[in-house]
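There are 2 protein chains.
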Amino acid sequence: MKNIQIVANGIYFPRKQIANEELENRLHLEKGYIEKRTGIKKRYYAIEETIEDMALEAVKNALSKAEKKENIGLIITATTSTNLLMPGISNYIQKTLELPPCICLDILAGCGGYINAFDIAKLYIDSGTIEKALIIGVDKLSEIIDKEDVGTAVVLSDGAGATLIAKDEENKKERMYVTHMQSDGEKNEILTYQYGQKLYMNGKEVYKYAITNTVKNIEGLLNKAKISLEDIKYIIPHQSNIKIMKAIATRLHIPMEKMYTNIQTRGNTFCASIPIALYDMQNEGLLKKGDKVILLGYGGGLNTGSILMEV
Amino acid sequence: MKNIQIVANGIYFPRKQIANEELENRLHLEKGYIEKRTGIKKRYYAIEETIEDMALEAVKNALSKAEKKENIGLIITATTSTNLLMPGISNYIQKTLELPPCICLDILAGCGGYINAFDIAKLYIDSGTIEKALIIGVDKLSEIIDKEDVGTAVVLSDGAGATLIAKDEENKKERMYVTHMQSDGEKNEILTYQYGQKLYMNGKEVYKYAITNTVKNIEGLLNKAKISLEDIKYIIPHQSNIKIMKAIATRLHIPMEKMYTNIQTRGNTFCASIPIALYDMQNEGLLKKGDKVILLGYGGGLNTGSILMEV
Chain W
1 MKNIQIVANG IYFPRKQIAN EELENRLHLE KGYIEKRTGI KKRYYAIEET
51 IEDMALEAVK NALSKAEKKE NIGLIITATT STNLLMPGIS NYIQKTLELP
101 PCICLDILAG CGGYINAFDI AKLYIDSGTI EKALIIGVDK LSEIIDKEDV
151 GTAVVLSDGA GATLIAKDEE NKKERMYVTH MQSDGEKNEI LTYQYGQKLY
201 MNGKEVYKYA ITNTVKNIEG LLNKAKISLE DIKYIIPHQS NIKIMKAIAT
251 RLHIPMEKMY TNIQTRGNTF CASIPIALYD MQNEGLLKKG DKVILLGYGG
301 GLNTGSILME V
Chain C
1 MKNIQIVANG IYFPRKQIAN EELENRLHLE KGYIEKRTGI KKRYYAIEET
51 IEDMALEAVK NALSKAEKKE NIGLIITATT STNLLMPGIS NYIQKTLELP
101 PCICLDILAG CGGYINAFDI AKLYIDSGTI EKALIIGVDK LSEIIDKEDV
151 GTAVVLSDGA GATLIAKDEE NKKERMYVTH MQSDGEKNEI LTYQYGQKLY
201 MNGKEVYKYA ITNTVKNIEG LLNKAKISLE DIKYIIPHQS NIKIMKAIAT
251 RLHIPMEKMY TNIQTRGNTF CASIPIALYD MQNEGLLKKG DKVILLGYGG
301 GLNTGSILME V
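For the protein sequence lines, the chains are W and C, in the order given. Straight run, no breaks: the first sequence in the numbering used here ends on number 311. Straight run, no breaks: the second sequence in the numbering used here ends on number 311.
With the rest of the complex left out, here is chain W:
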């Protein structure tokens, strides 16, 4: 296994912000209802931007901050709302930025698909096939939600996040990297999106799933890693809903300070939420070398996956 480092993070949000007030008026909700119920103050709708525009801007943002950006061996994009079946978003980025030929692929693995993309990138670095990977999470949910459905319309946002990771040859000591990925389709009709239909979410059932399977997953992860939650600096969860994240923290018996949240100003951007969280945390100075963190993805599939890593 090889050590990896996060070289740079980038994000992109659409120009158009949607305030709670606008949605509360349209959906005939009490003033303050949305923030109280979801923690969200605003969200973004891509009116002018395509999904590939957003992904591209997030990548440009990440690369603008990276000193060493040559030798990108893999571009991998996680999404649930792409229109680009072939060529995919990753190919679009490779072409538009005129990056040298590399492996490009997009993956569909539910709201937490960034976790799968990250892990595949790590495996490619471990195998010695590549040195660097661009991992992208992007979703344009405003286009696929039923705008009259309170459960999804108030929560979901458009956005993109990109992470450049690289083999870290400077640090000889092996850094921890453990994953635990579980897809269980038994009740997967509670969160679906098929092309030609609208996104469907049974909020009550998703809540139940999210607060139980994630906790089980993290217990399984810690078990594999043979460490305890006390050794973990942050859990960086998919930003689904503040109530879900609080319930997970309660069930794990950890203070909310340990559970990173930025949904308040970022909304729930599905596949983009974890790379956007990494970006915000880096900007806030929260990620320090040697810190152990857990990236936690969950959602449609139902796919639950976590990565314990030393940053």
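Be aware that a few hints might be false.
Identical copies look the same in the list; a pair holds intra-copy or inter-copy alike.
[As the list claims (entries may be wrong)] Each computed DSBU-like pair below joins lysine-lysine, with the alpha-carbon atoms no more than 35 Å apart:
#1 K172 <-> K224
#2 K204 <-> K60
#3 K68 <-> K216
#4 K198 <-> K224
#5 K65 <-> K204
#6 K167 <-> K216
#7 K167 <-> K224
#8 K246 <-> K95
#9 K289 <-> K2
#10 K187 <-> K65
#11 K31 <-> K65
#12 K216 <-> K2
#13 K173 <-> K2
#14 K233 <-> K258
#15 K289 <-> K147
#16 K167 <-> K36
#17 K2 <-> K224
#18 K233 <-> K289
#19 K2 <-> K69
#20 K208 <-> K69
#21 K208 <-> K60
#22 K258 <-> K147
#23 K216 <-> K95
#24 K68 <-> K224
#25 K172 <-> K226
#26 K288 <-> K173
#27 K95 <-> K224
#28 K95 <-> K204
#29 K208 <-> K95
Simulated from the structure, these hints should not be mistaken for lab results.
Dock chain C against chain W, hints included.
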């Protein structure tokens, strides 16, 4: 690196066969034109079957022939024509067959996406995370082609192939496994599919790409593997078009006997073509332990990828 073995292959073709005659009549083509130009005698259109039905039947077919099918740790599906953005086809299979929780994801990587899916499965086995993987290639192209476009309508077919691979612990000697994957988007507008549009293919440009990039790719692969084409028993290419496959053989200076083709009766099924070829070759007794073969994917992206492996 761990040794892997192909445990079982499965396929599914739709009930509805479309003879050349039917297309030649509809498209006002001379009798015999299609076979002469493409090598194809018939193709299959899924009228009653959904894409997930086809994938499921191919998996059932594979599993029916596998002695040891427990402990499947990964289900990965390559496609270019799915409607199931979330949950994906892999999740559908896990749920429908009531397989225990495992990693499920679908990938979009052009017509040769099975190559990427296979390689990801291999990496997961190498990493020790899983013991077995189900790799699926499926496409339902009849739904997305312009039925009046001769270039695609006569060539493309619907179908599914599934491969169960497993860590091979019996053979201690390391077996060769080398890959060479290259996505180059520079001219990727020659083969595209976006939701809401029809599949587009510029046949002339695709021909040019296919017969040059594949040859370069195989040269790169052999270089990496430090062996020559003489040591290779078969090249198992994506079944795009008999003319393309013949031109690749010519440029590689190998006889057509070394270039496996089944497009004559199977058509061009995009992501399904390589696993269907593996199935047919196994049934024909062409795959023998220790044989070195090259799986060769190419198509939309433009993604070109090859895997040299000892079966």
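Results for each hint:
no.: 1; hint: K172 <-> K224; in the structure: both (23 Å within a copy, 27 Å between copies)
no.: 2; hint: K204 <-> K60; in the structure: between (38 Å within a copy, 34 Å between copies)
no.: 3; hint: K68 <-> K216; in the structure: between (39 Å within a copy, 28 Å between copies)
no.: 4; hint: K198 <-> K224; in the structure: neither (38 Å within a copy, 47 Å between copies)
no.: 5; hint: K65 <-> K204; in the structure: neither (41 Å within a copy, 41 Å between copies)
no.: 6; hint: K167 <-> K216; in the structure: both (31 Å within a copy, 27 Å between copies)
no.: 7; hint: K167 <-> K224; in the structure: both (23 Å within a copy, 21 Å between copies)
no.: 8; hint: K246 <-> K95; in the structure: between (41 Å within a copy, 29 Å between copies)
no.: 9; hint: K289 <-> K2; in the structure: both (16 Å within a copy, 32 Å between copies)
no.: 10; hint: K187 <-> K65; in the structure: between (42 Å within a copy, 29 Å between copies)
no.: 11; hint: K31 <-> K65; in the structure: neither (40 Å within a copy, 61 Å between copies)
no.: 12; hint: K216 <-> K2; in the structure: both (28 Å within a copy, 30 Å between copies)
no.: 13; hint: K173 <-> K2; in the structure: both (10 Å within a copy, 24 Å between copies)
no.: 14; hint: K233 <-> K258; in the structure: within (6 Å within a copy, 56 Å between copies)
no.: 15; hint: K289 <-> K147; in the structure: neither (42 Å within a copy, 57 Å between copies)
no.: 16; hint: K167 <-> K36; in the structure: neither (43 Å within a copy, 51 Å between copies)
no.: 17; hint: K2 <-> K224; in the structure: both (18 Å within a copy, 21 Å between copies)
no.: 18; hint: K233 <-> K289; in the structure: within (11 Å within a copy, 50 Å between copies)
no.: 19; hint: K2 <-> K69; in the structure: both (19 Å within a copy, 31 Å between copies)
no.: 20; hint: K208 <-> K69; in the structure: between (42 Å within a copy, 31 Å between copies)
no.: 21; hint: K208 <-> K60; in the structure: between (38 Å within a copy, 32 Å between copies)
no.: 22; hint: K258 <-> K147; in the structure: within (33 Å within a copy, 56 Å between copies)
no.: 23; hint: K216 <-> K95; in the structure: between (41 Å within a copy, 19 Å between copies)
no.: 24; hint: K68 <-> K224; in the structure: both (34 Å within a copy, 25 Å between copies)
no.: 25; hint: K172 <-> K226; in the structure: both (21 Å within a copy, 30 Å between copies)
no.: 26; hint: K288 <-> K173; in the structure: within (16 Å within a copy, 43 Å between copies)
no.: 27; hint: K95 <-> K224; in the structure: between (40 Å within a copy, 25 Å between copies)
no.: 28; hint: K95 <-> K204; in the structure: between (42 Å within a copy, 21 Å between copies)
no.: 29; hint: K208 <-> K95; in the structure: between (42 Å within a copy, 19 Å between copies)
Of the numbered hints listed earlier, those contradicted by the structure are 4, 5, 11, 15 and 16.
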